[in-house]
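J.: If you want the building blocks of each chain, they are given just below.
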Amino acid sequence: MSYLVQNEFSNNSGAGEAEETLRLIARLPAPVGLEDRVHAGLRSAPRSARVLAWPAAFSPAGGWLRAAAAAAIVFVVGVVEADCFTETGMSSNSSSWNCGIVFPFVSRIASV
Amino acid sequence: MSIFPPGCVWFGMSAGQAVFSGWMEIPDSAVQERARTQADPTQADEETLAALVSQYAGTLYRVAFSVLRNPSDAEDAVQEAFLRVLRHRDTLGEVRDQRVWLIRIVWNIVLDRKRRAKTRPETDDVAELARVLPCEGLSAEERAAAAQHHAYVLACVEKLPAKERQVLMLSAFEELNSVEIASVLGVTESSVRSRLFRARNLMAGLLNHARQ
Chain W
0 MSYLVQNEFS NNSGAGEAEE TLRLIARLPA PVGLEDRVHA GLRSAPRSAR
50 VLAWPAAFSP AGGWLRAAAA AAIVFVVGVV EADCFTETGM SSNSSSWNCG
100 IVFPFVSRIA SV
Chain Y
0 MSIFPPGCVW FGMSAGQAVF SGWMEIPDSA VQERARTQAD PTQADEETLA
50 ALVSQYAGTL YRVAFSVLRN PSDAEDAVQE AFLRVLRHRD TLGEVRDQRV
100 WLIRIVWNIV LDRKRRAKTR PETDDVAELA RVLPCEGLSA EERAAAAQHH
150 AYVLACVEKL PAKERQVLML SAFEELNSVE IASVLGVTES SVRSRLFRAR
200 NLMAGLLNHA RQ
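Line by line, the protein sequences give chains W and Y. Using numbering that gives the first Met the number 0, you'd call the opening residue of the first sequence number 0 and step up by one each time. Using numbering that gives the first Met the number 0, you'd call the opening residue of the second sequence number 0 and step up by one each time.
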């Protein structure tokens with residue numbers, strides 16, 4: 000359906016003028032060579048997101064890099080937890096979350 | 000040793016075995032095409048994209064120009080739209096109506112650009128319209144008057160609320176029906192119709208008020 004029920008309100012001269020102007024603009028031809036310029040722009044565009052891409056030397060194909068990162072996280076968490084236990088003498092069922100983050104705030108509030 | 004008698008051996012054949020044994024013929028061109036696209040799906044996507052550019056760049060330009068009313072800005076918007084498509088080319092196969100999908104992309108781009116740009120002075124529109132609008136059989140004075148009139152009408156269109164204005168602008172494109180406009184705007188078809196009704200009434204009010 001072209002022009003979307005245009006005759007429905009064709010007695011409405013103001014709207015008709017507006018639609019005629021908009022239609023004139025909508026019918027204007029595209030400039031010559033537009034497609035070629037778009038093609039050229041696409042050819043020169045980067046093929047992949049380089050910032051997010053893995054460098055070739057660290058290709059995660061084998062998955063070893065992820066495994067190493069996971070092991071490093073586990074190691075760091077383990078060390079922090081061990082330090083908390085030794086410094087506060089907390090029992091093993093108290094959480095390291097309380098130890099590292101909540102406890103300093105609680106002690107500050109208590110001192111105020 | 001096979002449990003099947005020699006005459007029944009083809010029951011257990013895979014398609015590949017059947018092809019090699021010679022009774023199932025596949026044309027060379029089909030094999031080559033399939034092998035090419037399987038070997039390099041990126042190239043197939045890029046060919047699809049190139050076809051989309053050839054087919055729809057003009058339409059997208061006209062949509063962009065209708066909002067931005069500046070040739071170079073409209074061309075930039077078309078370029079950006081196809082760059083977005085290039086980035087998501089692996090999803091091209093999932094798109095049902097590529098034409099409407101592309102118009103929706105460029106529509107969002109131009110609305111975003113227009114939001115960020117400063118308000119366009121009416122004098123710019125007059126000059127641009129005088130340059131681009133068809134002027135067969137018109138004298139220089141008539142052409143200037145027509146450009147001024149169209150620029151004034153466009154200024155009134157700009158005063159419409161955004162939802163009504165967008166529907167009115169998209170309804171000017173012959174190639175878009177109400178269902179497609181609804182799809183571009185992400186609303187229902189009945190919303191499109193009611194917005195168009197309001198837009199026409201408001202436009203009539205604006206232009207009639209200006210004449211009094």
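Simulated from the structure, these hints should not be mistaken for laboratory data. Beta carbons: idealized from backbone N, C-alpha and C, even for Gly. Certain hints may be false.
Label-pair distances were calculated between CB atoms; the ranges are [as the list claims (entries may be wrong)]:
hint : chain 1 : residue 1 : chain 2 : residue 2 : range
1    : Y       : LEU110    : W       : ALA70     : 44 to 50 Å
2    : Y       : GLU157    : W       : HIS38     : 30 to 36 Å
3    : W       : PRO45     : Y       : SER190    : 34 to 40 Å
4    : Y       : SER71     : W       : VAL79     : 34 to 40 Å
5    : W       : VAL75     : Y       : SER193    : 41 to 47 Å
6    : W       : ASP35     : Y       : ASP111    : 58 to 64 Å
7    : W       : SER43     : Y       : GLY57     : 41 to 47 Å
8    : W       : VAL31     : Y       : SER189    : 39 to 45 Å
9    : Y       : GLY92     : W       : ALA66     : 29 to 35 Å
10   : W       : PRO30     : Y       : VAL186    : 30 to 36 Å
11   : W       : VAL31     : Y       : ARG114    : 56 to 62 Å
12   : Y       : VAL186    : W       : PHE74     : 32 to 38 Å
13   : Y       : ASP72     : W       : ASP35     : 14 to 20 Å
14   : W       : ALA44     : Y       : GLN54     : 26 to 32 Å
J.: Hints numbered earlier in the text: which of these fail when held up against the supplied structure?
T.: Hints 4, 5, 6, 7, 11, 12 and 14 not satisfied by this model.
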